[in-house]
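Asker: Chains as they are written, first to last, in the numbering used here: chain A, 22 to 140; chain B, 2 to 253; chain C, 3 to 223; chain D, 127 to 335.
It should be emphasised that the hints constitute simulated quantities derived from the structure, not laboratory data. Heads up, none of these hints are tricks.
Far from chain B, by Cβ distances over 10 Å, these chain A residues were calculated:
1) 79
2) 89
3) 91
4) 93
5) 94
EDC-like mimics (lysine to aspartate or glutamate), calculated; alpha carbons at most 20 Å apart, straight line:
6) B:117 x C:45
7) B:88 x B:151
8) A:62 x B:13
9) C:11 x D:221
10) B:148 x A:57
11) D:139 x D:185
12) A:80 x D:253
13) B:235 x A:72
14) D:300 x A:90
15) B:153 x C:23
16) B:117 x C:126
17) B:117 x A:32
18) D:139 x D:182
19) B:117 x B:48
20) C:11 x D:253
21) B:148 x C:75
22) D:300 x D:327
23) C:134 x C:189
24) B:235 x D:253
25) D:210 x C:75
26) A:62 x B:233
27) B:245 x A:72
28) B:88 x B:152
29) D:275 x D:237
30) D:279 x D:308
31) B:148 x C:23
32) D:161 x D:323
Idealized CB from N, CA, C, for every residue including glycine.
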Amino acid sequence: MYFEDINSFLDMGGYGLYVWLSFGSAVLSLLVLWLDSFFSKRTLLTQVLNEQARQARIKAAAEQSATAEQSATAGKSAIAEQSATAGKSATAGKSATAGKSATAEKTATAEQRTNGETI
Amino acid sequence: MWKWLHPYAKTERTYHLCQRLLPWFSVLGLAVILFATVWGLAYAPTDYQQSEAYRIIYVHVPTAVLSKSLYSAMAVAAFIGLVWQVKTSFMAMMALAPIGATVTFISLITGAAWGKPMWGTWWEWDARLTSQLILMFLFIGVISLYKSFEDKQQAGKAAGVMAIVGVINLPIIHYSVQWWNTLHQGATILKLGKPSMPPEMLWPLLLSILGWALVCGAVFLLRMQNEILHREIKRPWVVALANKTSPLSKGK
Amino acid sequence: MAALMAILKRDLALAYRQRAELMQPMLFFILVISLFPLAVGPEPKTLQLIGPGVIWVAAILSSLLGLERLFRDDFQDGSLEQLMLSSTSLPAAALVKVVAHWLTSILPLIILSPLLALFLHLSEPMYWALLKTLLLGTPLLSLIGGIAVGLTVGLNRGGVLLALLLLPVFIPLLIFATSAVEFASMELQYSAQLAIIGAMFLFSLALAPFAIAYALRVSQT
Amino acid sequence: MAVISVTNLSVVKRDRLLFENLNFVVEQGCLLYVKGQNGAGKTSMLRVLAGLVEADCGEVSFLQQNIKDCRENYHQHLVYFGHKLGINLTLSAVENLQYWCKQHQVVISVDTIFYTLAQLNLVGLEDIPVANLSAGQQRRVALARFWFKQNAKLWILDEPFTALDTQGIELLSKQITAFLSDGGAVVMTSHQALRIDYPTDELTLEYQI
Numbered sequence: 022m023y024f025e026d027i028n029s030f031l032d033m034g035g036y037g038l039y040v041w042l043s044f045g046s047a048v049l050s051l052l053v054l055w056l057d058s059f060f061s062k063r064t065l066l067t068q069v070l071n072e073q074a075r076q077a078r079i080k081a082a083a084e085q086s087a088t089a090e091q092s093a094t095a096g097k098s099a100i101a102e103q104s105a106t107a108g109k110s111a112t113a114g115k116s117a118t119a120g121k122s123a124t125a126e127k128t129a130t131a132e133q134r135t136n137g138e139t140i
Numbered sequence: 002m003w004k005w006l007h008p009y010a011k012t013e014r015t016y017h018l019c020q021r022l023l024p025w026f027s028v029l030g031l032a033v034i035l036f037a038t039v040w041g042l043a044y045a046p047t048d049y050q051q052s053e054a055y056r057i058i059y060v061h062v063p064t065a066v067l068s069k070s071l072y073s074a075m076a077v078a079a080f081i082g083l084v085w086q087v088k089t090s091f092m093a094m095m096a097l098a099p100i101g102a103t104v105t106f107i108s109l110i111t112g113a114a115w116g117k118p119m120w121g122t123w124w125e126w127d128a129r130l131t132s133q134l135i136l137m138f139l140f141i142g143v144i145s146l147y148k149s150f151e152d153k154q155q156a157g158k159a160a161g162v163m164a165i166v167g168v169i170n171l172p173i174i175h176y177s178v179q180w181w182n183t184l185h186q187g188a189t190i191l192k193l194g195k196p197s198m199p200p201e202m203l204w205p206l207l208l209s210i211l212g213w214a215l216v217c218g219a220v221f222l223l224r225m226q227n228e229i230l231h232r233e234i235k236r237p238w239v240v241a242l243a244n245k246t247s248p249l250s251k252g253k
Numbered sequence: 003m004a005a006l007m008a009i010l011k012r013d014l015a016l017a018y019r020q021r022a023e024l025m026q027p028m029l030f031f032i033l034v035i036s037l038f039p040l041a042v043g044p045e046p047k048t049l050q051l052i053g054p055g056v057i058w059v060a061a062i063l064s065s066l067l068g069l070e071r072l073f074r075d076d077f078q079d080g081s082l083e084q085l086m087l088s089s090t091s092l093p094a095a096a097l098v099k100v101v102a103h104w105l106t107s108i109l110p111l112i113i114l115s116p117l118l119a120l121f122l123h124l125s126e127p128m129y130w131a132l133l134k135t136l137l138l139g140t141p142l143l144s145l146i147g148g149i150a151v152g153l154t155v156g157l158n159r160g161g162v163l164l165a166l167l168l169l170p171v172f173i174p175l176l177i178f179a180t181s182a183v184e185f186a187s188m189e190l191q192y193s194a195q196l197a198i199i200g201a202m203f204l205f206s207l208a209l210a211p212f213a214i215a216y217a218l219r220v221s222q223t
Numbered sequence: 127m128a129v130i131s132v133t134n135l136s137v138v139k140r141d142r143l144l145f146e147n148l149n150f151v152v153e154q155g156c157l158l159y160v161k162g163q164n165g166a167g168k169t170s171m172l173r174v175l176a177g178l179v180e181a182d183c184g185e186v187s188f189l190q191q192n193i194k195d196c197r198e199n200y201h202q203h204l205v206y207f208g209h210k211l212g213i214n215l216t217l218s219a220v221e222n223l224q225y226w227c228k229q230h231q232v233v234i235s236v237d238t239i240f241y242t243l244a245q246l247n248l249v250g251l252e253d254i255p256v257a258n259l260s261a262g263q264q265r266r267v268a269l270a271r272f273w274f275k276q277n278a279k280l281w282i283l284d285e286p287f288t289a290l291d292t293q294g295i296e297l298l299s300k301q302i303t304a305f306l307s308d309g310g311a312v313v314m315t316s317h318q319a320l321r322i323d324y325p326t327d328e329l330t331l332e333y334q335i
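Just chain A, with the same shape it has in the complex (with noise of 0.2 Å):
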């Protein structure tokens, strides 16, 4: 060790300031990268998943209006079946818009709003 003891080792023959500034700057700028690079990488990522989800509401959406029609023209007892099939048929990893699905259209939305809000 070139330096007899720590605080000659920091003090740097008097240029402590200037060395240290250089490498501690160095050290910041280069984390300051990283960190930027890698958190980047993570929103891309969450970037996908906010995308999956939101196809998955205008899916369930759009299936409410098609089952909102179909009950409209084909009278009550058809309204039955039809909302309970569409509970089954909704996947089981998507369990939220499942249950969209059977309820009625107003508080759907509402559930709709904070299902987008959690992802």
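For this one, chain A is given, so just place chains B, C and D on it according to the hints.
Answerer: Just chains B, C and D now, with coordinates in the frame of chain A:
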């Protein structure tokens, strides 16, 4: 000869190639850079003329060298992209640009910090520092040009042209600044370049250059992945990847 | 009052989203200033002599660059119309927009000024005088600039016209600001110049919002 | 009680007389349909009516008060929809509408905005920047303001139906009829045939060279 690299598979394959190389580059890079810096800071002998201040060389010279090579690497990527219409090379170019800008920024700060004990002022219009400053502006120019386009394809081409224009101008800027400097100031007191150094000073310097190169390589791989993901965000393999890598949110 | 806060929050959020475009006047400011040593030579003596003038001219030119953005987007997408048709008073809204513009595009210039004082080897007292004149003078740039932007927002090539309209008006500000910094370099009192700049600023602060509101109404076709 | 009354209004634009001494009155609960060729000055007339532009001579009054004197009160009860949609492209639909509501002193919760946007079948498009939406969808985001300002007495619509699909046109027509039956007044222009089953008086502006 390149035809077998189907353009669609290439981006996915490049992504996984970066994924495999990333740990190697980052671990190795960190190890080498730490080793070299500690060696240069603590164990290398003092310099008879500037005593300990010369140790800033172990940061300033690597970053100065790297900034120029990163810019030329960016220009090479731009050249490949423009001539052979290779999509991934534009992504590589845009992955390199922020790293180059950061490294040039570090070389400017370390140059200024080294200039204070030598010339008494924080900023001295020395030939090498001035050309580093101009290089910084070239980097920022390419990045802001890229950011001002909506369509990433178009942005890549425009930034590519700007990178090539920049790299052609680099030597011209370098020599005109040298000439400008000697015109006004005569020989500067200390040539900031690599003075002929005894081997025990030179080895940590070469190692720190290698360390910096590896670390920049690691960040490049990471940013390259970001660029690929950003461009191919709608592609099924990206969606599969997103679901695979972040299981926690999928369960919700 | 809530509506005015909403305008401020929206403008700051918009500025954050378009920060790439926002950085450009700042880079222009640094670039212009670092051209001068290359043109005039790096000797600290000459740089100190021309320093204040260079920084102020560069500040005025880069604020001109940023001014165009004040009403352009809102005019083109119709939000300005909706703002004029809301019951919030237009002068107050114009003042809030000018303040938001000053915060997002001219304040960064002032934050950068120490670096540039370094580039031009300004001495310590000179830097403080420069900072004071910038803090007092640049809001004046935004306020009067807002009037000219309000007038030229309807024309699609307002750029050079804007400079023609505004540069003559900025001359007194330039004279007093640079002389204040010069006095500081000779360790003399420069509070007189500051007082004049302050007076000009308060005068424009009182009248410019109404002029901007009127200019916006005039430019509605 | 006349919501809007116009007395001998004349407008000159780029030294061309668009129309002169125009007189009409729009009562509560009635719809004024302004017809005329391109360039007849329909849009300019609506902008003068909204108070955006000064007329050359003549007077527009809202509830018997000249709109120059009661500008604040008039704008409190007015909703205007022009060629420019009035929404910022970098903000999302929800942010745009929240900002618009704060401007016009409309107290509204985010859920109602989401619910109205769902009605305008913009589900899933509420929180992405408006620039990514199609022209028709952007127009529907701008039209959402007619669902929010409940205390409005006068609606001015300048060709609201362009770029809207049949479902959008039907939705808007239903909303206009509902507003009219609640005693609101509507002044509008349109190139498509008006499919609003409501008594409308018409005003035709001749094209004057």
